[in-house]
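Spelled out from the first residue to the last, the chains are:
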Amino acid sequence: MTESYRRVAYYPGCALEGTGHAYDRSTRAVGKALGLELVELDNWNCCGAMEVKNVDPKLQTYLSARNLAIAEKMGFSTVMAPCNGCYHNLKKAEYDLANDPGSTAVNERLSAKAGHAAYRSGKVATIHALDWIKQTIGEEGLKVRVKNSLAGLRIANYYGCMYTRPRHIFPEKDKGTGSESTAKPHFMDDLLAAAGAECVEYPLKTACCGGAHTLSDSDTSTKLVLNLLTTAEACGAEVIATECPTCHTGLEMHQVRAEKVLGKKTSVKILYFTQLLGMALGLSRRRVGVQENLSDASALLTARRLG
Amino acid sequence: MPIHEKSLIRKEDLVTHERLTLEGVDVSGDWSTFIQPRVLTNYNERMEQEIAALPGGEGIHRCWQCGSCTNSCTVNAINPDFNPRYWIYLIRLGMESELLRDKDIVWQCVSCNKCTYACPRDVNPEGVMKATAHWLELKGYTKPSPAAEFDAEFSEQVFATGRIEEGRVLRNFFTRTGQKLNQPWLVALVQGLVRRLPLGYLLRLGQAAVLRPRARRWSGARAGIEEYVRERRAADRRALALAPEETEP
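Chains Z and X, in that order, give the protein sequences. Mapping of the first sequence onto our numbering: residues 1 to 307, in sequence order. Mapping of the second sequence onto our numbering: residues 1001 to 1249, in sequence order.
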């Protein structure tokens, strides 16, 4: 158990205030139910997502460095980001500031113009919501807290791209037993299995949903998402568990689009892993924001007496 | 063994003799298929250097053509013509006219980073794809792609306010690219949302659209970023030996 993660700085990011609001809601609710404290970063800014790096990666580094500087100023040594994009960009900034003098120079220059202290690498560790729950509560801790087991619910765990790639920005991964794997991540599988779920073998757990071009190249995204959905169904899953708002919204949107444009209907439901964990911990559906999902899982949840 | 990257063999380059006997051996039909030899003379010797000068392209010189990028590529799996290894090969040899045959699909890289994960030489092929798409656009070979329009809309909002509002990004992107908002699948999405969402949440979404979320004390960062972006754009144009951009009034 990692005590230092019991009270961490929280970086929700833009998506969690918009389309991914259910992820924000369920993350906070699960934290509260588990006795973990989140303190939102004061006056945070957008991380630049997948777009600003295409103007110049060094600008993305600055945007994330500003958020890390805020966490440091607030006295935190750990910042937790549930969004894969935010998490990835904070990790990337940490890596670039430690290894690329050019990025450091741009960060110092822009921080000076913006009127705040420039962030230096090594001061604040970035973790994902999965690390946060896995390292503080863990499987054994979850098992004793489960009030409403997910027993019998067949789940495909989908991690997407930004949680594991590229490998070099995640130095704590691939360190053997107990650490996360970049080739075959398992933290979400571990947590949901501890909550009683039956996690199916899902070969596409780190495949791409086309999220970066979800609107600019919708046909490609629909093809990629349809492949994720039909494969999950072929693997026997009733639910795809997600841990990224871009993936989650992409899966939901393109499930509808595949039906409307390609005439391909799939019925697998899409839920955030925090929504599933929350219901296992006895929280109501409303409390974890199931009504905010585009993918309507209510019939399935009622049949399984969840939430 | 299957022929790897078979998509690179173009039908118009193949010659097959229906009836042919060579040194007494009958090689009629498919047995005599071969690729016509060709001579290339119009190399662009500056192409690698120019793409390497754009953000993301810096590592292109390290490529040793192992093909891990193409082998792992998400887009290649649905369109074999999307071939990062081949494009890097063409760029490094300066075979501009060959690269231009694929100019309209380079922007489709989805940034999944599978190539960057697999690359043994730290080329950052994902960045090279972005730099190449950028190069094609700067040279005037392609119009700004839908992805470039999306990046521009998104980045402008971030630079101006430190934050984005998703509804605004979507609406402005559709306007910029001349698409209608009443596409059947989008309408179905919104109808589904409105049917199930509580009124309070809908009001909150509406409020975010009117009162744009913004970071406080952002003006210094904004000025710094905008100045940096201007310098960057000027440097990119210099690297490609293009005339400086007209400054907007």
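Careful: at least some of the hints might be erroneous.
Here are the simulated distance ranges between beta carbons [unchecked claim]:
hint, chain 1, residue 1, chain 2, residue 2, range
1, X, Val1229, Z, Gly141, 35 to 41 Å
2, X, Asp1102, Z, Gly282, 23 to 29 Å
3, X, Asn1182, Z, Leu262, 44 to 50 Å
4, Z, Pro171, X, Leu1199, 45 to 51 Å
5, Z, Lys184, X, Thr1175, 20 to 26 Å
6, Z, Arg109, X, Asn1182, 40 to 46 Å
7, X, Leu1202, Z, Ser179, 38 to 44 Å
8, Z, Lys265, X, Ala1241, 52 to 58 Å
9, Z, Ala234, X, Pro1037, 43 to 49 Å
10, X, Leu1022, Z, Ala234, 48 to 54 Å
No lab work stands behind these hints: they were computed from the structure. No experiment lies behind these values; they were computed from the predicted model shown. Every residue gets a Cβ at the ideal spot worked out from N, C-alpha and C, and that includes glycine.
Hint by hint, here is what the structure shows:
{"no.": "1", "hint": "X:Val1229 to Z:Gly141: 35 to 41 Å", "result": "violated, 47 Å"}
{"no.": "2", "hint": "X:Asp1102 to Z:Gly282: 23 to 29 Å", "result": "violated, 55 Å"}
{"no.": "3", "hint": "X:Asn1182 to Z:Leu262: 44 to 50 Å", "result": "violated, 19 Å"}
{"no.": "4", "hint": "Z:Pro171 to X:Leu1199: 45 to 51 Å", "result": "holds, 47 Å"}
{"no.": "5", "hint": "Z:Lys184 to X:Thr1175: 20 to 26 Å", "result": "violated, 42 Å"}
{"no.": "6", "hint": "Z:Arg109 to X:Asn1182: 40 to 46 Å", "result": "holds, 45 Å"}
{"no.": "7", "hint": "X:Leu1202 to Z:Ser179: 38 to 44 Å", "result": "holds, 42 Å"}
{"no.": "8", "hint": "Z:Lys265 to X:Ala1241: 52 to 58 Å", "result": "holds, 53 Å"}
{"no.": "9", "hint": "Z:Ala234 to X:Pro1037: 43 to 49 Å", "result": "holds, 47 Å"}
{"no.": "10", "hint": "X:Leu1022 to Z:Ala234: 48 to 54 Å", "result": "holds, 50 Å"}
Going through the hint list in order, the structure does not satisfy hints 1, 2, 3, 5.
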